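There are 2 protein chains.
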Amino acid sequence: MVKVSVLYPNGKDIKFDMEYYCNRHIPMVRQLLGSTLKGAAVEQGLSGEQPRSPALHVAMRHLLFESVDAFRKSFGSHAETIIADIPKYTNSKPTIQISEVKL
Amino acid sequence: MVKVSVLYPNGKDIKFDMEYYCNRHIPMVRQLLGSTLKGAAVEQGLSGEQPRSPALHVAMRHLLFESVDAFRKSFGSHAETIIADIPKYTNSKPTIQISEVKL
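The listed protein sequences derive, respectively, from chains A and B.
In our numbering, each residue's number is its place in the first sequence (first place is 1) plus 15.
In our numbering, each residue's number is its place in the second sequence (first place is 1) plus 15.
Some hints could be false.
Identical copies go unnamed one by one, so any copy, or any two together, can satisfy a pair.
Only pairs whose alpha carbons sit at most 25 Å apart, straight line, appear in this in silico SDA-like list of lysine to any residue [said to hold, decoys possible]:
id : residue 1 : residue 2
1  : K88       : D28
2  : K53       : Q65
3  : K103      : S82
4  : K108      : I98
5  : K103      : S89
6  : K27       : F90
7  : K117      : N25
8  : K117      : D32
9  : K103      : R67
10 : K117      : P66
11 : K117      : R45
12 : K27       : M43
13 : K103      : Y35
14 : K27       : S89
15 : K30       : F86
16 : K88       : E34
17 : K117      : H93
18 : K117      : D100
Worth flagging that the hints you see were computed from the coordinates, not collected in a lab.
None of the values given here were measured: they were computed from a predicted structure.
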């Protein structure tokens with residue numbers, strides 16, 4: 016199983032509309048990717064290790080797929096639609112990491 | 016529910032012993048934190064968005080707790096033991112993020 020993590024860096028003037036993200040963007044992604052998407056998780060950054068220190072990422076999203084190929088085929092067909100939706104909820108420029116799930 | 020993500024930055028000369036991490040470190044953390052720990056996930060970085068591009072993080076770990084307080088009380092009592100184990104599996108300096116689970 017592979018996890019595709021989308022990390023939205025935090026910073027001064029960074030905005031993130033979590034309501035739009037959870038209620039509009041993620042449902043759209045689920046619909047587009049269909050059964051290829053094996054799981055999805057969304058988190059909102061609260062802090063760093065120390066209380067009141069800023070979180071490195073304003074939000075993180077994790078999508079599960081059976082393989083890197085399954086992700087590329089499924090996401091590739093809809094990448095434009097999904098990427099075009101980003102400015103509707105954030106001005107943060109996300110970085111993407113593909114990982115192998117170990118535990 | 017809160018998720019405590021430990022992100023191990025990747026880079027030149029960064030080493031990470033995933034076998035030790037999964038078979039020795041994580042079981043130790045589970046034992047120390049006991050029932051306060053509601054879930055744990057571990058991933059090994061494969062790539063960035065593009066095939067063959069380097070992963071930003073050599074590994075990521077996510078721990079679930081009921082609240083930030085539950086994490087601080089439970090982890091705080093064992094932080095020294097857990098942190099002292101890090102050099103046994105990596106020379107990467109992890110960054111920590113505390114997030115609220117939204118989905």
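**Item:** Violations among the numbered hints, reported as their numbers in ascending order
**Value:** Structure breaks hints 1, 3, 6, 9, 12, 14, 15, 16.
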